Structures are given as structure tokens and as C-alpha cells.
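Q: The chain contents come next:
Number of protein chains: 6
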Amino acid sequence: MISSGIFGLDEMVGGGFPENRIILVRGGPGAGKTVFSFQFLVEGAKKREQGLYVTLEEPMNLIKSNLKAFGWDLEGFEKRGLLKLIDESGQVYKPFTPNRYDRGNAKLLITYILGKIKQEVENLGAKRLVIDPITSLVIHQRFPTDKRLEIIELIKALRNLRCTVIITSEATSYIPGKDFFVEEYLADGAVILSKRLRDFNVIKTVLVEKMRGLKHDDQPHRYEISDKGIVIYHTEPVIT
Amino acid sequence: MISSGIFGLDEMVGGGFPENRIILVRGGPGAGKTVFSFQFLVEGAKKREQGLYVTLEEPMNLIKSNLKAFGWDLEGFEKRGLLKLIDESGQVYKPFTPNRYDRGNAKLLITYILGKIKQEVENLGAKRLVIDPITSLVIHQRFPTDKRLEIIELIKALRNLRCTVIITSEATSYIPGKDFFVEEYLADGAVILSKRLRDFNVIKTVLVEKMRGLKHDDQPHRYEISDKGIVIYHTEPVIT
Amino acid sequence: MISSGIFGLDEMVGGGFPENRIILVRGGPGAGKTVFSFQFLVEGAKKREQGLYVTLEEPMNLIKSNLKAFGWDLEGFEKRGLLKLIDESGQVYKPFTPNRYDRGNAKLLITYILGKIKQEVENLGAKRLVIDPITSLVIHQRFPTDKRLEIIELIKALRNLRCTVIITSEATSYIPGKDFFVEEYLADGAVILSKRLRDFNVIKTVLVEKMRGLKHDDQPHRYEISDKGIVIYHTEPVIT
Amino acid sequence: MISSGIFGLDEMVGGGFPENRIILVRGGPGAGKTVFSFQFLVEGAKKREQGLYVTLEEPMNLIKSNLKAFGWDLEGFEKRGLLKLIDESGQVYKPFTPNRYDRGNAKLLITYILGKIKQEVENLGAKRLVIDPITSLVIHQRFPTDKRLEIIELIKALRNLRCTVIITSEATSYIPGKDFFVEEYLADGAVILSKRLRDFNVIKTVLVEKMRGLKHDDQPHRYEISDKGIVIYHTEPVIT
Amino acid sequence: MISSGIFGLDEMVGGGFPENRIILVRGGPGAGKTVFSFQFLVEGAKKREQGLYVTLEEPMNLIKSNLKAFGWDLEGFEKRGLLKLIDESGQVYKPFTPNRYDRGNAKLLITYILGKIKQEVENLGAKRLVIDPITSLVIHQRFPTDKRLEIIELIKALRNLRCTVIITSEATSYIPGKDFFVEEYLADGAVILSKRLRDFNVIKTVLVEKMRGLKHDDQPHRYEISDKGIVIYHTEPVIT
Amino acid sequence: MISSGIFGLDEMVGGGFPENRIILVRGGPGAGKTVFSFQFLVEGAKKREQGLYVTLEEPMNLIKSNLKAFGWDLEGFEKRGLLKLIDESGQVYKPFTPNRYDRGNAKLLITYILGKIKQEVENLGAKRLVIDPITSLVIHQRFPTDKRLEIIELIKALRNLRCTVIITSEATSYIPGKDFFVEEYLADGAVILSKRLRDFNVIKTVLVEKMRGLKHDDQPHRYEISDKGIVIYHTEPVIT
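Chains as they are written, first to last, in this note's numbering: chain U, 1 to 240; chain B, 241 to 480; chain H, 481 to 720; chain D, 721 to 960; chain C, 961 to 1200; chain R, 1201 to 1440.
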């Protein structure tokens, strides 16, 4: 079992994430997907489990700056070889073929990124891996069926890495359960960070939608992003 | 009549599933479709009815690992020839034709998988068959009308196998009855596993949407995934 | 006037269906469209009115098996020439042209089926005809406008048969009146079998949406599928 | 001012329809669009105003048969030259060009029908004209923008006929005001016949959405189809 | 500041419309867009401000006839050179190119209409201009992005005319704020005339959605179309 | 930290905007996006921080005129080199290639605008930059995936400017959280200005959806557009 590092989450999933599995973290803008990801990696680093973080959208220097408030010694972990941060935010949108809008381009991009990740995981001996966000890898595909096929192959490839992997994914609306995506079916676990407007109040909840092989709490709980990271509250009901 | 193995379900369908029929099990991520499928096969194995399980999406080793918590002696059943587990998760996304996006590819895939299943059913003398999920077989088809035609032919072929067949299918949203799919019309029975948010509570229910030739309970009931598998509650109303 | 055979329905339509007209029966999976159809035919057979049933989706042997519970002497009626059951479930999806996805194929299919039906109606001297479901005949057409044109021609052809015809049609969602289809405008009568979720209860109602030339009850009533067929309740309101 | 013939409607529109204008009657299946149309024509015939009815969808013999219950002496009016009924239900779906799916076909159809109507209106000296339903004339057009252009030209042509014209149009759903169509903008008046489900009751209302140049009642009222035709109730609120 | 002529509207926008600006008036069928437009022009004529009205959809003779009930002396104003009414309802749908469905046609139409308007505004010395409805000018464009581009250029051209301009636009549904259109962003002011069904009552409200450079009442108010034109009520809340 | 200039907003984001970051301001028509933008620039000018404003939709002379009511000395700031206003509303819709509907055109437009902005930011030594609205730059792209790719590249380029940047974006409906757009994910902060109809009242709220690296108030608050600009109210709940 792999401790998640998120305060209050391990209790929800019976002690931690299953080892060598792929966990999806889905949420809207500002939900805290990147904070979640780093809590997971810092938790590992503290336990001397190497972690690799790959950003596919936001530049790494901005991410580092954004995370300063949490007081994590990311550079210290990096120096000690416990954490490696790779910035592929530029590669993702680079045209690999003359016509960047065609499928060949999408294919080459995925091949390139997977190759890079595989190599880094091996060099580092990574036990924890985060890809943030996974949806950037299929941005070139216009048809949902094609996106689906690519995500399937991608996840199959990630399974061979022998890491516990977090992939993040962007919600398309405030309405939970409006649409399911293939990531939610293919990942071994799915954690949903929701914001919902109830009248004119925003209510933030975390829901463990699934967690293969583990009995888990299947009810949503409130959470906040404190200066120590995401904290989940169990002592009170979501609404009273 | 074929006992389903799901605690509380046989009472809902008048004693069990109709023999040699095709039962659809539909549900969202984490609803328990695979657990349902194995409860059905294990129940058979205990009664010395051979069962065949075909995975089209999740790798078999992960499924086995996920099911450990339930304490089923799958390997024992396999050794005694009462259970066979086939992993076609790789085949499904393999391109059979140079352009894997065209219809010919979809056609060859279905022909291949059906041939394989037919052979295995015969070799094993299987009485119970699970295909998990059926939707993977039509993933290459972009148009709903084409998906529909393929599913129709598929189900026609499965009818010739002389097994009781469970096919699983993925829900597209939390909203029950938002859209019906051809599987729900073509299968002989349909069991719907739903998760719904009522305010900020998740409520899980099982509904027998249809069961040809059998009078059945047509109301939803709550269920849980316990460490013995899916358990349906009859003693209390869904909401109070 | 033609008695429908459905318990409680004749009262709703002023005594029975209008003669030589086309009645649409629409419903979701498990709503009872096929049971409705056979109640209509059995009622006729009892009155020595010949009936023809054409299945376009479910194989006939399964239908017969499903209907056993109702105790109707279908074989007896068949022997006495009062009932004929035709299985065209295989023809419907057969490619008539090299490219089964084109319009020519759809056209040939409809021509073939209509020719077959016409001949059988004449041979049998049928007074009652059921086509179950009508939507299978336009499954090859991708565009709604084309589906519409075909259904229009189909219904025009059925008008020449001098039978009272039931055509069944599949609902696309639990939400009644979400979309109207051309069948509802073109048929002379329309009976809607609905399932709706009210909180976590399924409520089944029958609504006579229209019945040309007859004053009819325009309110929904609850119904059940008993071991004698569909029974409509008039003595109580739908919800209390 | 032209009296509508619908019981209770003239009071809603300040005495009757404006002369030589185009009135849209929209409604779902079974709403009573054809009954409305004939009440309008019979009212005229009684006042010695010639009326022309053109059916584009339902065969005339069926319409006549359906209207028998209302006891109108349609044949008497026809004999006295006060009413003419034209059946173009066959023409509408006839291919005018080799490929009936193209725009040329739609164009030729409209030209043909308009020519026919113009000639009949002149021969009869018609003061009242009904086209039922107008939407059949644009059934061949796949794109909404093209449908719109055709309807615009059609209505422009009808304006030259110096008749009071009723055009009927099919609602696409039970939800009133979900979508507006060009007919509602282009017609001089619009009368909406709605069926709505309120819990499990069907409530039928008539709403005068607009009536150019006339002050009109802008609230919905309940109506029924009695054996004298459509009757609108003013004495009670829609819901209590 | 330009007085609007609508009873109760100037109070909502701090005294009147801003000079030489473009005001959008959006509403459904029967909402009173044309009445609004003429109140605006008549108000100007009374103050000796020349006004130009361009109809792009409804023929001018019908509009004049429809407005008779309001008792405005349109002909008197016309004779005195204070009002000019141009009927371009025929031009709009005329094919300018052999294939009227292509973009070139749309382009030529806009060029023609703008040229005409510019010339008439100059000849008349118009201070007030109404184009009713603006959406007719982009009817030939099938893609929303193209419609948007044309509307942008159109509004840019109108800005050079040194008039206060009202453009009308058709709502697509009863649901306010369901979709915003480019006109609402590009116009300097936007007045929304809404009809909404609340249970079975129609409630008509006017909302000033924006009015550049002016503080304005941002709440909806009820209105009626009286025999003097549109009257807005301020003394009571919309619902009680 | 950069003070926003909006009354009551700095308290919501822990003191001000993060430096050198990109903040999205989204809102419907009349929500106050441009007022927000100028409050931000005027605040800067007062503190001797140079600001650059680029309009891509509304002509600059109209904007200036609209802002007069707020009494800001824009010209004074311009003369002192503290503010520069660039009007690119004409360039945006200019065809750069013969066929302005193709991708090449969109590409050239973005390259041109970015080049212009970069140069002006450098010449002015701008610390604050506003692009109003960002969506105009991708108006030529028809497919959402292409829009997304362009926005990603655009934001990447803006990151190199070493300014605090506000980009504005148009809401597509009154329903908050109905759809998320790529801008909301890519920007470092997102401020949402909403109008919502609650029964028949318009309620305007501001919500800080995200603000990278800063703890922020995550609840909506009411705001008004006063004669000093946007004012946010903290002392009362949104609804009582």
C-alpha cells in the first residue's frame, strides 16, 4: 500500500493507494490537482521513494513558484535524487509532422513522451509518477473515438512501468457525473475533486469514485486547500 | 433457471436468470460490473457449471489482483477446469488492417474474438460466459448507426453458443435513463447498477430493467460491495 | 372497432382501436411492447380474426419462449390458421448491396420486407398485423431526414393492406415528450408506455397520446405486466 | 376580421383573425391541429366564405374518416363549392429529380405545390386556406439554414394569395419555448397547442404567442377536444 | 442623450440611449421588437429627428397595417421628411450569385444593404436608424464562426453612420441567458424582451443587459404592449 | 504582489494578484470586464507602473467615451507615459491570406498581434497588460481543438513578457460552470463575473475560481458597478 500524502484520504481508501496502479485525479480549474500530485510525491520523498513529475501544460518554473506557499523542500528532494521534475509543456504542442493537425503528429508525440518517461523512471528508480494532465497528450485528436483509443494505449504502456502513477484530467463542467470519460473506466482508481454551486455557495468535495481491489469510502467529503496542502474533513456531513 | 450468485438478486428475478440468455450489466466506473461478473462465474463453478471470462479492456493480472479481497479460489476453479479466464485486452486495440480507423478493422476484430470465444466455449463445455465490456468491440466505429449494426450481429452470434451470457456495458453519465442503447433492447435481460448524487450523498442502486419471460421486481434497491461481493438490500426503502 | 386485448385499454379509447388504422406502441427496454403486441393478436385469434406477427429484431424462438409464462396457446392458433409468426430478424441486417452502409441497401430491405408482408397478409386474410419494431427497417439510414422519408413511405404502403396494424418503436430516454418522432405524427394512434424514476421509485404508465377519430382518455394511467399480460389501472391516481 | 371557428379563441384575439394573414398553428401529435384547421374552414363555409384544405402528410380519406365524429357536413360544403379538399400527401415525397435527396428536388416540389395551390385558390375564390403541415414541404432539406430560406420564400408566396391562411407545424417536444422556429417569426400570428406533463397529469393549453395588429390575450388557457371540436376554457385558471 | 420613446425605459437607462451608439433589442416571436423600433422612431420624429427604418424580413405593407392600432401618424411623418421606411425584405433572400448558398452571396448582400442604408441615412440626414432584424443579413452563413465574423464587420460599418441605431435580433428559446450571441457583446447596449412560463403563466419582462457609459437599472421589469406601445411597470416587483 | 484596483478584490486574493502572471477575467455582456481591466491599469498608473491596453473588439474611441463616467484621467496618464491604449479592433478581422477562413490567416493574425504587443510592452516598460478579449484572436478557428492549441501557444508567448497580464473572455451563458474552457485551465488566476437570474432577480457575483500560489477566498460575493468602478461587497451573504 502506498500512502497518498493527502490528509484524510488514506482513511477513505483503506490505508493508501494500491501499489503499481494508475490513479486518476479529475477536477476543474483551481480544484487542486497539482497540489494533490505534489503531496503524493513529497510523501514518497519523505519515505525515500523516488518520484517523477511530468508537466505537460503549465511551465515548471510557474508550478514551483505556485507551490512555494506549501513550504515543501522540493529542491532538497531533487538534490538527494528523491524527486525529479520534467517540463514537457513545450514538447506537447510542438508539431512533429509538417501538418501538426493530423494523427501522425499525435502518435509521434505520445511515443516521444512515453519513451522519455520510461527512461527517466528507470534512471531514477521511480516508485511514484505523476503525469499532469494526461489529456494534453490527446489534444491533437479531434474525434472522441480516436482520443479513446490513444488513452487506452497510453494507459497500457504506463502499466509496464512498475510505478504507482497519478494521472490528472480536467473536468468539463461543474456538474458531477454529467459525462464519464474513458480515463475513469481504465484507471485503477479515480478520485474526483468537485466544486459545486449550491445556491450561491461553492462547496468543494472529494469523492473516491473507484479504487480497485480495496474497499473504500464511497461518499463525498469536504476538503480545503490549506497551507499544508489538501485536507479532507470527515467529522461533519457535507451539508447540514 | 440459473442462479446469479449476487446476494439478493435471484429474489428480484423470480429465482435466477433464464437459461441460455444474454444478460446486460450496465454501470459507471466503480459500480462493480466485474465483481458482478465473477460472482456469477464463481456461483457456477461451485455448482460445477463451467464458466468462461473474457476481458476486453483491463489486463487479466490486474483483475485477478483486484479480486483477491473477495477470497474466491479462482485458481482452484481454473485447475479443476471449472473456470477459464481469457485476456483479449491486447487484441482489441491491435490494428488488423493498415488503417486501423476503418471499418474493415472493426469487422476483423469481431470475427477474431467471436471465433476465439466459440472455440473456448466448446472446449470448456462452458455453461456461463462473461464478456467484459462488450462496448470495447465496437470502439472503432465512429457512427452510432454502425455501432448498432455491429452489436446486433454480435448478439446474434452469441445466441448460438448455448450459454448464459453476461455482457457488461459502460454508462455514460450518472443520470439514469438519459439515453437507452441498443444493448438494452437486444439483450434478454438488463441489470442497471447506478450511482446517483442526492444532494451530497452517493446512493447506489440496482434495477432489473427487464428480464424476458420472467416476472421480476421492477423497483430499484440499494446495494453495497462487501468483502463477499455485491449484496442487495430488500428490507428498507431506497430513501426514507 | 377492434378490441385491443389489453386489459383496461379499450375503455381509454372509447371501445377499441379504429379499424384498418396504424397504431404506434412506443416504449423503453422492458416496457412490454411485445407483450402488448401479442395480447392484441391473441384477442383477435379468439375472435377468429387472423393475425400476422413480424419480428425484425428478436429471434422468434426467443419470443415464443419469453411468452410461455402468459399461457397463450400460440401454437394452437397457428395450427388453426388464426395466427402466423414470421421471423425476419435475420433479413433485416443482411447486406442487399455490396456496401451495406449505403441507401440502396436500406431501400431494397424495405421493398423486400413490405413485399413479404403484403403476400402473407393476403394469404392469411389477416385482419391484424404487428411489425416489431418498425425502427429496425430504417437502421441503415444515418440522417434523420432520410429516416423520416423512409418511414413516411413505409406507413403509406401499410395503409394499403386493409389491416389494423401495430408498429412498435423504441423510446430513446426515460424523459417523456423529450423528442417527438415522425412515427408519432404519421400513425393514426399512439400509445406510449413509460417508465419514470420519481426519486428512487419506478412508475410505469400508459398514455394514449392520440387516437384519430375517437374521443379518448388523454391522461396517463399506471399499468403492470401480470401473468395475463398488460393490465391498466383506472381506479387510482398515478401518484397520491 | 375573420372568425376562427374555435370555441373561445376569438375572444382571445380581439374578435377573430386578421384578414389575409398567415396564422401558424403548432402542436405535438394528437394536439388537434387538423381539427383546428377544419373548424376554421367549416366556420367559413357556414358564412359562405370558400375554403381550401391541402393535406401534405395524412391521406385525405383518413382525415375525412377521422373527422366524422364531429358531424360536419363536409361533403355538403364541397358540393356547394364552399370547400375543396386537395390531397397532395403523395406528391410531397415523390422524387422530382433523379436524386431525390438534393436541393433541386425540394425546389421543384415547392414550385409544384405552390402552383397548384394558387390555381385552386383562384378557381374556388377561396377566402380561407389551410396547408397541413407546412413542414412537409421542407422535409428534403437537411440543413436548418436551407429549411429557413425555403420557408421564407414559401410564406412570401402565400402572402400574394389574398386569403387568410393557416399553416400547421409540428412541435418537437413537450417543452414549450425550448426552441423557436422561423415559422413563428414569419407568420403574422402563432397559436401554440401544448401538452405538458405536470407530475403525472397531462395539461393541454392553447397560447396565442402573437397576433399582429391585434391586442390579444397573452396567457395560456386549457382546452379540450369535444365532439364539436376544440373548446377553450376561460373561466378557470390553468392550475389551481 | 436620445429619448427612447418606450414608456418607462428612459428611467432605466439614466435618461435615454447614448448618442450615436448601437442598441440591440432581442426578443422571441410576439415580444414586440417592431413596436419597440417604431416607438423609438416616432419619438424622434416628434422631436424633428429624422428616422430610417429598414425591414429585412416582414413586408412593409404588413408592418404598416399591424401598427395601425397604435395610432401613429407614420404617413404624416413620412411626408414631412421625418421618417423613411425602406422595404428590403425581398432583396435579402435574392440570390446574388449563381449558387445562393455560398459565401460570396452573403457578402454581396451585406455590401448591397449597407450601401443602400448609408446612402439613405445621408439623404435623409437620419439621426435614428432601425434594422429589423439584423440576423436576416447572415442567414446564408451556415457556420457560427462565419456568422460572427460578418456581424462584426456589419457593426463596424454601422458605427461610421453617426446615427443612434437599433438592431433587432431573434431569441432562440424562452430560457433567458441560455446562450449569448456576438450581437450582445458587440452592441453598445442590449435590451432583452423575455417571455417566460412560470407554471402556466406567461410573464413578460424587459431587462437592460448592458448600456455602455451609462449607469442603468440592471433588474428585469414587467411590460405590456398597450394601444400606445410598450409600457414598462416599475411600481411592482415581477413576482409577488 | 500587484494590487488589483478593484474595490474588495485584493482582500479575496490575499493582498493582490501574483506578479508576472496571467489572470483571466470572464463574464457575460455588461458584466464589467472592460471596467475591471481599466481599474487594474489606473491602479497601476497611480503607482507609476506602466500599463498597456489592447482592444481587439470594441473601437478605442467608444471605450474611452464609455469610461468617461468613471472620471479617470486616462489622457493624463497617457501623456505621462504611464498608460498606452492600442486599438487592434480593425486588424483582428482583416484577412491576412486570400482565403480568410483558413488556418494560415489565424496564424498570421496571432503572430502580428503578439509581435505588436511585445514591442509596445518593451517600449513602454509595461508592468501591466490587458488583452480584451482574448477570444477574438481565435475567432477564425472553427474546431474547438484548434482553438485550444492556439490559446495554449498564445499564453505561452505572453508568459515571456514579464508583465502581469489580464485577459478577458466571454461567457457563453448565464449558467456558471456549465462548460470550462482552456483559458480557465491555462491562466494562473481566474476571476468570474456572473449574472444569474434567481426567479426574476438578476444577481451579480464575482468568484475567484483560482489564483495560483495564493490562498484565496473561494466563495462568490456580490458586486456592483458604481461610478468609481467595480465594488465587491463582503459584509453580507449573497442571498438571505
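Keep in mind the hints are simulated off the structure, nothing from the lab. Just to be clear, a hint being listed does not mean it is correct.
Unchecked claim - Below, a list of computed lysine to any residue pairs in the SDA-like style, where the Cα atoms sit at most 20 Å apart:
1. K1294/R - H1176/C
2. K1428/R - H1176/C
3. K948/D - F487/H
4. K1307/R - E1243/R
5. K695/H - L881/D
6. K526/H - F487/H
7. K948/D - L694/H
As the list claims (entries may be wrong) - Short derived list, chain R residues pointing at chain U, Cβ under 10 Å:
8. G1276
9. K1279
10. V1292
11. K1318
12. E1322
13. L1324
14. G1325
15. K1327
16. D1399
17. I1425
Since we're looking at a predicted model, the values are computed, not measured. Glycine included, every Cβ here is placed at the ideal spot set by N, Cα and C.
Q: Are the hints correct? Go through all of them and say.
A: Verification of the hints:
1. K1294/R - H1176/C: With Cα atoms ~34 Å apart, K1294/R and H1176/C exceed 20 Å; violated.
2. K1428/R - H1176/C: 15 Å, holds
3. K948/D - F487/H: With a Cα-Cα distance of about 29 Å, the restraint between K948/D and F487/H is violated, given a limit of 20 Å.
4. K1307/R - E1243/R: This hinted pair is violated, its Cα atoms lying about 34 Å apart.
5. K695/H - L881/D: 36 Å, violated
6. K526/H - F487/H: 15 Å, holds
7. K948/D - L694/H: 13 Å, holds
8. G1276: 35 Å, violated
9. K1279: 36 Å, violated
10. V1292: With a closest approach of 22 Å, the V1292/R hint is violated.
11. K1318: Violated, because the Cβ-Cβ distance from K1318/R to chain U comes to roughly 18 Å (cut-off 10 Å).
12. E1322: 21 Å, violated
13. L1324: Interface hint status for L1324/R: violated (24 Å vs cutoff 10 Å).
14. G1325: 22 Å, violated
15. K1327: This interface hint is violated because 18 Å lies over the 10 Å limit.
16. D1399: 12 Å, violated
17. I1425: Result: violated, 19 Å to nearest chain U Cβ.
Going down the numbered hints, you'll see the structure goes against 1, 3, 4, 5, 8, 9, 10, 11, 12, 13, 14, 15, 16 and 17, while the others check out.
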